[in-house]
Amino acid sequence: MTAPTLHEPAVRTLDQLIAHVRGGGYGPDPAQERIALAFTTAQAVRHTGRSSGYRNEVLSLRLHAAVGSCAVEPGAMPAAALDDCVGVSVAELLDHPILPVQVAALDAYLSHVRPHTPDHGARPYAIPAGGSLHRSRARARAVVDLLPATGIRRILVVGVVNSLLEQLRARGLEYVPCDLKGGATEWGESVRTDALAELEHCDAVLASGMTLGNGSFQPLLDHAAATGKPLVMFAQTGSAILPRFLGAGVRAVSAEPYPFFWLDGGPGVIHRYGGAR
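Just so we're aligned: 156 in this note's numbering is position 156 of the sequence shown, and the numbers increase by one with no gaps anywhere.
You can trust all of the hints, since none of them are fake.
Below, computed lysine to any residue pairings styled on SDA-like, alpha-carbon distance capped at 25 Å:
id, residue 1, residue 2
1, K229, V191
2, K181, E200
3, K181, R137
4, K229, D203
5, K229, T150
6, K229, L173
7, K181, H201
8, K181, G215
No wet-lab data here; the hints were simulated from the structure.
Use the sequences and the hints to build the structure in full.
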(Lines of atoms letter the chains of each structure in order from A; the text may use other names.)
(Lines give C-alpha, C1' and ligand atoms only; values in the text may rest on other atoms or scores of the structure.)
Protein backbone atom coordinates (compact mmCIF):
# COMPACT_ATOMS: atom_id res chain seq x y z
CA MET A 1 0.00 0.00 0.00
CA THR A 2 1.28 3.46 -0.88
CA ALA A 3 1.62 5.83 2.08
CA PRO A 4 0.72 9.48 1.58
CA THR A 5 4.15 10.72 2.68
CA LEU A 6 7.10 9.37 4.65
CA HIS A 7 6.57 11.75 7.57
CA GLU A 8 2.83 12.07 8.09
CA PRO A 9 1.64 12.48 11.69
CA ALA A 10 -0.25 9.38 12.84
CA VAL A 11 -3.96 10.21 13.14
CA ARG A 12 -6.94 8.02 13.98
CA THR A 13 -9.68 10.64 14.35
CA LEU A 14 -10.68 13.85 12.60
CA ASP A 15 -10.07 15.72 15.87
CA GLN A 16 -6.50 14.41 15.99
CA LEU A 17 -5.93 15.52 12.42
CA ILE A 18 -7.23 19.01 13.21
CA ALA A 19 -4.99 19.13 16.29
CA HIS A 20 -1.95 18.24 14.17
CA VAL A 21 -2.87 20.97 11.69
CA ARG A 22 -3.21 23.51 14.49
CA GLY A 23 0.10 22.41 15.98
CA GLY A 24 2.05 22.93 12.77
CA GLY A 25 2.32 19.24 11.92
CA TYR A 26 1.69 20.03 8.26
CA GLY A 27 3.72 23.21 7.98
CA PRO A 28 2.01 26.61 7.63
CA ASP A 29 0.15 28.00 10.63
CA PRO A 30 -3.59 27.74 9.82
CA ALA A 31 -4.15 30.93 11.81
CA GLN A 32 -2.15 32.76 9.13
CA GLU A 33 -3.91 31.17 6.15
CA ARG A 34 -7.05 33.04 5.07
CA ILE A 35 -9.86 31.86 2.85
CA ALA A 36 -10.35 34.25 -0.06
CA LEU A 37 -13.38 32.73 -1.76
CA ALA A 38 -16.35 30.58 -0.78
CA PHE A 39 -18.92 29.19 -3.18
CA THR A 40 -21.51 26.48 -3.57
CA THR A 41 -22.10 24.22 -6.56
CA ALA A 42 -25.56 22.75 -7.06
CA GLN A 43 -26.34 19.96 -9.52
CA ALA A 44 -29.39 18.01 -10.64
CA VAL A 45 -28.89 15.01 -12.89
CA ARG A 46 -30.82 12.20 -14.48
CA HIS A 47 -28.67 10.15 -16.82
CA THR A 48 -30.19 8.96 -20.09
CA GLY A 49 -31.48 5.43 -19.60
CA ARG A 50 -31.67 5.72 -15.82
CA SER A 51 -35.04 5.63 -14.08
CA SER A 52 -34.26 8.18 -11.38
CA GLY A 53 -32.11 11.22 -10.77
CA TYR A 54 -30.54 13.00 -7.83
CA ARG A 55 -29.29 16.37 -6.63
CA ASN A 56 -25.95 17.42 -5.17
CA GLU A 57 -24.84 20.57 -3.40
CA VAL A 58 -21.23 21.23 -2.43
CA LEU A 59 -19.58 23.94 -0.34
CA SER A 60 -16.11 24.84 -1.60
CA LEU A 61 -13.46 27.15 -0.13
CA ARG A 62 -10.48 28.58 -1.99
CA LEU A 63 -7.05 28.81 -0.30
CA HIS A 64 -4.36 30.05 -2.67
CA ALA A 65 -4.46 27.64 -5.62
CA ALA A 66 -6.26 24.91 -3.65
CA VAL A 67 -9.99 24.28 -3.30
CA GLY A 68 -11.45 22.28 -0.44
CA SER A 69 -14.97 20.88 -0.60
CA CYS A 70 -17.71 19.28 1.46
CA ALA A 71 -21.05 18.06 0.14
CA VAL A 72 -24.17 19.15 2.02
CA GLU A 73 -27.81 18.21 1.81
CA PRO A 74 -29.43 20.41 -0.86
CA GLY A 75 -30.85 23.53 0.74
CA ALA A 76 -29.38 22.79 4.17
CA MET A 77 -26.50 25.29 4.08
CA PRO A 78 -27.53 28.70 5.48
CA ALA A 79 -26.85 31.50 3.00
CA ALA A 80 -24.91 33.39 5.67
CA ALA A 81 -22.38 30.55 5.92
CA LEU A 82 -20.66 31.75 2.75
CA ASP A 83 -20.11 35.16 4.31
CA ASP A 84 -18.78 33.49 7.46
CA CYS A 85 -16.08 31.76 5.43
CA VAL A 86 -14.39 34.58 3.54
CA GLY A 87 -11.61 36.78 4.84
CA VAL A 88 -11.12 34.64 7.93
CA SER A 89 -8.42 32.15 8.81
CA VAL A 90 -8.53 28.41 8.39
CA ALA A 91 -7.99 28.12 12.15
CA GLU A 92 -11.17 30.09 12.82
CA LEU A 93 -13.18 27.96 10.40
CA LEU A 94 -11.97 24.77 12.08
CA ASP A 95 -14.07 25.99 15.05
CA HIS A 96 -17.14 26.85 12.96
CA PRO A 97 -20.39 25.40 14.37
CA ILE A 98 -21.33 23.87 10.99
CA LEU A 99 -19.39 20.64 10.44
CA PRO A 100 -19.29 20.89 6.61
CA VAL A 101 -17.59 24.30 6.96
CA GLN A 102 -14.93 22.73 9.19
CA VAL A 103 -14.44 19.90 6.69
CA ALA A 104 -14.20 22.22 3.68
CA ALA A 105 -11.68 24.43 5.49
CA LEU A 106 -9.56 21.47 6.55
CA ASP A 107 -9.72 20.06 3.03
CA ALA A 108 -8.65 23.41 1.53
CA TYR A 109 -5.69 23.63 3.93
CA LEU A 110 -4.53 20.07 3.30
CA SER A 111 -5.06 20.45 -0.46
CA HIS A 112 -2.69 23.41 -0.23
CA VAL A 113 0.03 21.73 1.86
CA ARG A 114 -0.42 18.15 0.58
CA PRO A 115 -1.46 18.47 -3.07
CA HIS A 116 -2.38 15.34 -5.03
CA THR A 117 1.06 14.63 -6.47
CA PRO A 118 3.14 11.44 -6.69
CA ASP A 119 5.54 12.60 -3.97
CA HIS A 120 2.54 12.64 -1.62
CA GLY A 121 1.44 9.16 -2.66
CA ALA A 122 -1.09 10.01 -5.37
CA ARG A 123 -1.40 8.06 -8.60
CA PRO A 124 -3.22 9.99 -11.35
CA TYR A 125 -6.01 8.22 -13.22
CA ALA A 126 -7.37 9.78 -16.41
CA ILE A 127 -11.12 10.21 -16.80
CA PRO A 128 -12.01 10.44 -20.50
CA ALA A 129 -14.06 13.14 -22.14
CA GLY A 130 -17.68 12.34 -22.88
CA GLY A 131 -21.21 12.46 -21.57
CA SER A 132 -22.02 12.45 -17.88
CA LEU A 133 -22.90 8.75 -17.73
CA HIS A 134 -19.78 7.77 -19.69
CA ARG A 135 -17.58 9.72 -17.29
CA SER A 136 -19.48 8.42 -14.26
CA ARG A 137 -18.86 4.84 -15.35
CA ALA A 138 -15.16 5.55 -15.94
CA ARG A 139 -14.84 6.93 -12.44
CA ALA A 140 -16.73 3.95 -11.04
CA ARG A 141 -14.23 1.55 -12.62
CA ALA A 142 -11.35 3.51 -11.09
CA VAL A 143 -12.96 3.38 -7.65
CA VAL A 144 -13.98 -0.28 -7.66
CA ASP A 145 -10.52 -1.28 -8.88
CA LEU A 146 -9.22 -0.14 -5.47
CA LEU A 147 -11.07 -2.96 -3.72
CA PRO A 148 -9.07 -6.14 -3.11
CA ALA A 149 -9.26 -8.47 -6.10
CA THR A 150 -9.90 -11.50 -3.87
CA GLY A 151 -11.17 -12.32 -0.41
CA ILE A 152 -14.28 -10.14 -0.38
CA ARG A 153 -17.82 -11.26 -1.09
CA ARG A 154 -20.26 -8.72 0.37
CA ILE A 155 -19.59 -4.97 0.30
CA LEU A 156 -21.28 -2.27 2.31
CA VAL A 157 -21.73 0.75 0.03
CA VAL A 158 -22.22 3.96 2.03
CA GLY A 159 -23.47 6.71 -0.27
CA VAL A 160 -25.33 5.16 -3.17
CA VAL A 161 -23.96 5.89 -6.64
CA ASN A 162 -25.63 3.69 -9.24
CA SER A 163 -22.54 3.56 -11.48
CA LEU A 164 -20.57 2.07 -8.59
CA LEU A 165 -23.28 -0.50 -7.94
CA GLU A 166 -23.31 -1.30 -11.65
CA GLN A 167 -19.57 -2.04 -11.51
CA LEU A 168 -19.97 -4.29 -8.48
CA ARG A 169 -22.79 -6.16 -10.19
CA ALA A 170 -20.66 -6.62 -13.33
CA ARG A 171 -17.94 -8.21 -11.19
CA GLY A 172 -20.34 -10.58 -9.47
CA LEU A 173 -19.98 -8.95 -6.05
CA GLU A 174 -22.79 -8.72 -3.52
CA TYR A 175 -23.45 -5.36 -1.91
CA VAL A 176 -25.63 -3.67 0.68
CA PRO A 177 -26.59 -0.15 -0.45
CA CYS A 178 -26.84 2.43 2.33
CA ASP A 179 -27.72 6.12 2.18
CA LEU A 180 -29.33 8.48 4.65
CA LYS A 181 -31.88 9.40 1.98
CA GLY A 182 -33.14 5.80 1.73
CA GLY A 183 -35.15 4.96 -1.37
CA ALA A 184 -34.24 2.32 -3.94
CA THR A 185 -31.39 1.62 -6.33
CA GLU A 186 -31.68 1.57 -10.12
CA TRP A 187 -32.44 -2.16 -9.83
CA GLY A 188 -35.20 -1.76 -7.27
CA GLU A 189 -33.13 -2.78 -4.25
CA SER A 190 -34.08 -1.17 -0.96
CA VAL A 191 -31.49 1.33 0.27
CA ARG A 192 -30.75 0.91 3.97
CA THR A 193 -30.39 4.01 6.12
CA ASP A 194 -28.35 2.62 9.05
CA ALA A 195 -24.89 1.75 7.74
CA LEU A 196 -23.53 0.85 11.18
CA ALA A 197 -26.16 -1.87 11.57
CA GLU A 198 -24.85 -3.54 8.41
CA LEU A 199 -21.13 -3.50 9.19
CA GLU A 200 -21.00 -6.92 10.82
CA HIS A 201 -22.69 -8.51 7.79
CA CYS A 202 -20.18 -7.24 5.20
CA ASP A 203 -16.49 -7.94 4.65
CA ALA A 204 -15.52 -4.66 2.94
CA VAL A 205 -16.76 -1.07 2.95
CA LEU A 206 -16.93 1.34 0.03
CA ALA A 207 -17.86 4.77 1.38
CA SER A 208 -18.34 8.32 0.17
CA GLY A 209 -16.34 11.22 1.55
CA MET A 210 -19.73 12.72 2.43
CA THR A 211 -19.46 10.68 5.62
CA LEU A 212 -16.98 13.31 6.85
CA GLY A 213 -19.58 16.04 6.53
CA ASN A 214 -22.42 14.17 8.25
CA GLY A 215 -20.33 12.78 11.10
CA SER A 216 -20.56 9.10 10.16
CA PHE A 217 -16.95 8.56 9.05
CA GLN A 218 -15.41 7.77 12.43
CA PRO A 219 -17.45 4.61 13.20
CA LEU A 220 -16.57 3.24 9.76
CA LEU A 221 -12.88 3.98 10.34
CA ASP A 222 -12.94 2.44 13.83
CA HIS A 223 -14.61 -0.72 12.55
CA ALA A 224 -12.12 -1.12 9.72
CA ALA A 225 -9.17 -0.52 12.04
CA ALA A 226 -10.47 -3.04 14.59
CA THR A 227 -11.40 -5.78 12.11
CA GLY A 228 -8.94 -5.28 9.26
CA LYS A 229 -11.79 -5.08 6.76
CA PRO A 230 -10.90 -3.07 3.66
CA LEU A 231 -12.30 0.46 3.79
CA VAL A 232 -12.13 2.22 0.42
CA MET A 233 -13.20 5.86 0.20
CA PHE A 234 -14.38 7.73 -2.89
CA ALA A 235 -13.99 11.41 -2.13
CA GLN A 236 -15.10 14.65 -3.63
CA THR A 237 -15.75 15.74 -0.06
CA GLY A 238 -12.46 15.74 1.83
CA SER A 239 -10.29 14.53 -1.04
CA ALA A 240 -7.15 15.76 0.75
CA ILE A 241 -8.34 14.72 4.22
CA LEU A 242 -8.98 11.03 3.67
CA PRO A 243 -5.48 10.08 2.42
CA ARG A 244 -4.23 11.14 5.87
CA PHE A 245 -6.01 8.05 7.28
CA LEU A 246 -4.25 5.50 5.10
CA GLY A 247 -2.88 2.82 7.39
CA ALA A 248 -5.23 3.85 10.22
CA GLY A 249 -8.24 1.95 8.86
CA VAL A 250 -8.51 3.37 5.36
CA ARG A 251 -7.15 0.95 2.76
CA ALA A 252 -7.44 3.16 -0.35
CA VAL A 253 -8.82 6.50 -1.53
CA SER A 254 -10.12 7.77 -4.85
CA ALA A 255 -9.56 11.51 -4.42
CA GLU A 256 -11.42 13.90 -6.69
CA PRO A 257 -10.83 17.55 -5.86
CA TYR A 258 -12.83 20.36 -7.42
CA PRO A 259 -13.71 20.65 -10.32
CA PHE A 260 -15.61 17.35 -10.23
CA PHE A 261 -16.14 15.00 -13.16
CA TRP A 262 -19.78 16.03 -13.56
CA LEU A 263 -19.04 19.73 -14.14
CA ASP A 264 -17.98 19.43 -17.77
CA GLY A 265 -17.47 16.89 -20.55
CA GLY A 266 -13.76 17.34 -21.09
CA PRO A 267 -10.97 15.00 -19.98
CA GLY A 268 -10.08 15.02 -16.32
CA VAL A 269 -8.14 13.21 -13.65
CA ILE A 270 -8.72 11.66 -10.25
CA HIS A 271 -6.00 10.65 -7.83
CA ARG A 272 -5.79 7.20 -6.27
CA TYR A 273 -4.00 6.30 -3.06
CA GLY A 274 -3.34 2.86 -1.66
CA GLY A 275 -5.13 -0.22 -2.90
CA ALA A 276 -3.69 -3.22 -4.68
CA ARG A 277 -3.19 -1.63 -8.14
